[in-house]
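Just so you know, the sequences run in chain order A and B. Note that the numbering used here has the first sequence beginning at 1, numbered continuously upward. Note that the numbering used here has the second sequence beginning at 1, numbered continuously upward.
These aren't lab readings, by the way, just hints derived from the structure by calculation. Note that the structure is a prediction, hence the values are computed from the model and not measured. Beta carbons are placed, not taken as given, at the ideal position from N, Cα and C, and that holds for glycine. It cannot be assumed that every hint is accurate.
No farther apart than 27 Å at their CA atoms in a straight line, the calculated lysine-lysine pairs in the DSSO-like style are these [as the list claims (entries may be wrong)]: (1) A/Lys41 / A/Lys64; (2) B/Lys68 / A/Lys20; (3) A/Lys41 / A/Lys14; (4) B/Lys68 / B/Lys37; (5) A/Lys64 / B/Lys56; (6) A/Lys41 / A/Lys55; (7) A/Lys20 / A/Lys64; (8) A/Lys64 / B/Lys68; (9) A/Lys20 / A/Lys41; (10) B/Lys71 / B/Lys56; (11) B/Lys71 / B/Lys37; (12) B/Lys42 / A/Lys66; (13) B/Lys42 / A/Lys14; (14) A/Lys55 / A/Lys20; (15) A/Lys66 / A/Lys20; (16) B/Lys68 / B/Lys56; (17) B/Lys68 / B/Lys42; (18) A/Lys41 / A/Lys66; (19) B/Lys42 / A/Lys41; (20) B/Lys37 / A/Lys41; (21) A/Lys14 / A/Lys64.
Covered stretches of chain B (in silico footprint by chain A; criterion: 3 or more residues with CB under 8 Å from a CB of chain A, positions within the stretch not fixed) [as the list claims (entries may be wrong)]: (22) 54-64; (23) 70-82.
Quick list of the computed label-pair ranges, beta carbon to beta carbon [stated by the list, open to error]: (24) B/Gly41 / A/Leu74: 26 to 36 Å; (25) B/Lys71 / A/His85: 33 to 43 Å; (26) B/Gln81 / A/Pro40: 20 to 30 Å; (27) A/Lys20 / B/Gly41: 19 to 29 Å; (28) B/Lys71 / A/Ser83: 20 to 30 Å.
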Amino acid sequence: GAVVSQHPSWVICKSGTSVKIECRSLDFQATTMFWYRQFPKQSLMLMATSNEGSKATYEQGVEKDKFLINHASLTLSTLTVTSAHPEDSSFYICSVAGISTDTQYFGPGTRLTVL
Amino acid sequence: GENVGLHLPTLSVQEGDNSIINCAYSNSASDYFIWYKQESGKGPQFIIDIRSNMDKRQGQRVTVLLNKTVKHLSLQIAATQPGDSAVYFCAEKPTGGSYIPTFGRGTSLIVHP
Chain A
1 GAVVSQHPSW VICKSGTSVK IECRSLDFQA TTMFWYRQFP KQSLMLMATS NEGSKATYEQ
61 GVEKDKFLIN HASLTLSTLT VTSAHPEDSS FYICSVAGIS TDTQYFGPGT RLTVL
Chain B
1 GENVGLHLPT LSVQEGDNSI INCAYSNSAS DYFIWYKQES GKGPQFIIDI RSNMDKRQGQ
61 RVTVLLNKTV KHLSLQIAAT QPGDSAVYFC AEKPTGGSYI PTFGRGTSLI VHP
């Protein structure tokens, strides 16, 4: 399967600041990556689909101006949480779709805590 | 509003026992199903998958059963070990749809030594 990394693994920031999370596909070129958010003891919720070289596709209810996604290369997608608030505190996980299967391979996640 | 039913169902087993984790899916048009394991503080990890033209598939210590009639999926783990303690999610993907699966609620498996 694909190897996916995320950086940072955890971050604590003050309310009102912006935080950037990186997702890297380490062993193959990914034209599409996905960003999920997961609150404690809940399932994964898809936030957006990140497409290399084009605009991301956001799920209903996800503010595109608050969660900025940039997929500038085939191995890197970034999620920037702008003007973070405590309610944005969550576990953010990216994934990459496999080349020849329907399976997604997930990164290790980034724990965001907004004070 | 009130958050109802957001607590994960929990399955507690003794080490060495067999575990069965169940999942009901909603879309009769789903043709591909995946089980993921998520350990605390980590991303989900692929365990096993099954397509709708099968009703059983076996892996190493794991078996997935699919009952399309009642839209039910189960994951059986043989000789459960403490390292199997995690949250298990089933995911379904509809026929002809994109490769974005829909995740179920998840079940927390606790293995007691």
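Each hint tested on the structure:
1. Distance restraint check for A/Lys41 and A/Lys64: the Cα-Cα separation of roughly 25 Å lies within the 27 Å cut-off, and the hinted pair is therefore satisfied.
2. The suggested pairing of B/Lys68 with A/Lys20 is violated, with an alpha-carbon distance near 42 Å, which exceeds 27 Å.
3. About 24 Å separates the Cα atoms of A/Lys41 and A/Lys14, which keeps this hinted pair within 27 Å; it holds.
4. For a cut-off of 27 Å, the pair hint linking B/Lys68 to B/Lys37 stands: about 22 Å separates their Cα positions.
5. With a C-alpha separation of about 41 Å, the suggested pair A/Lys64 and B/Lys56 falls outside the 27 Å cut-off, and the hint is violated.
6. The straight-line distance between the Cα atoms of A/Lys41 and A/Lys55 is roughly 31 Å, outside the 27 Å bound, and the hint therefore fails.
7. As the CA atoms of A/Lys20 and A/Lys64 are separated by approximately 14 Å, the hinted pair is consistent with the 27 Å bound.
8. With a CA separation close to 37 Å, the supplied pair A/Lys64 and B/Lys68 exceeds the 27 Å bound.
9. Distance hint between A/Lys20 and A/Lys41 is fulfilled; the C-alpha atoms sit about 24 Å from each other, no more than 27 Å.
10. For the hint linking B/Lys71 to B/Lys56, the alpha-carbon distance of about 14 Å falls within 27 Å, and the restraint holds.
11. In summary, the hint linking B/Lys71 to B/Lys37 is supported, as the alpha carbons are separated by about 21 Å, within the 27 Å threshold.
12. Our distance criterion of 27 Å between C-alpha atoms is met by B/Lys42 and A/Lys66, whose separation comes to about 24 Å.
13. With a C-alpha separation of about 24 Å, the suggested pairing of B/Lys42 with A/Lys14 holds against the 27 Å cut-off.
14. Proximity of A/Lys55 to A/Lys20 is assessed by CA-CA distance (about 17 Å); at most 27 Å being required, the pair is judged to hold.
15. About 12 Å separates the Cα atoms of A/Lys66 and A/Lys20, which keeps this hinted pair within 27 Å; it holds.
16. Proximity of B/Lys68 to B/Lys56 is assessed by CA-CA distance (about 11 Å); at most 27 Å being required, the pair is judged to hold.
17. This hinted pair does not check out: B/Lys68 and B/Lys42 have alpha carbons roughly 31 Å apart, beyond 27 Å.
18. For the proposed pair A/Lys41 and A/Lys66, the alpha carbon gap of about 24 Å is at most 27 Å, so the pair holds.
19. For the hint pairing B/Lys42 with A/Lys41, the CA-to-CA distance comes to about 13 Å; that is within 27 Å, so the pair holds.
20. The suggested pairing of B/Lys37 with A/Lys41 holds, with an alpha-carbon distance near 14 Å, which does not exceed 27 Å.
21. Our distance criterion of 27 Å between C-alpha atoms is met by A/Lys14 and A/Lys64, whose separation comes to about 21 Å.
22. Coverage of the stretch 54-64 of chain B by chain A is violated [criterion: at least 3 residues with CB-CB distance below 8 Å; count 0].
23. With 0 residues having a beta carbon nearer than 8 Å to a beta carbon of chain A, the stretch 70-82 of chain B misses the requirement of three or more and the stated coverage is violated.
24. Range check, B/Gly41 to A/Leu74: about 28 Å between beta-carbon atoms, so the 26 to 36 Å window is met.
25. As the Cβ distance of B/Lys71 to A/His85 is approximately 38 Å, the hint placing it in 33 to 43 Å holds.
26. In this structure the supplied range 20 to 30 Å holds for B/Gln81 paired with A/Pro40, their Cβ-Cβ distance being about 25 Å.
27. A hinted range of 19 to 29 Å holds for the C-beta pair A/Lys20 and B/Gly41, which are about 20 Å apart.
28. For the hinted restraint 20 to 30 Å between B/Lys71 and A/Ser83, the CB-CB distance of approximately 42 Å leaves it violated.
In this structure, the hints that do not hold are numbers 2, 5, 6, 8, 17, 22, 23 and 28, in rising order.
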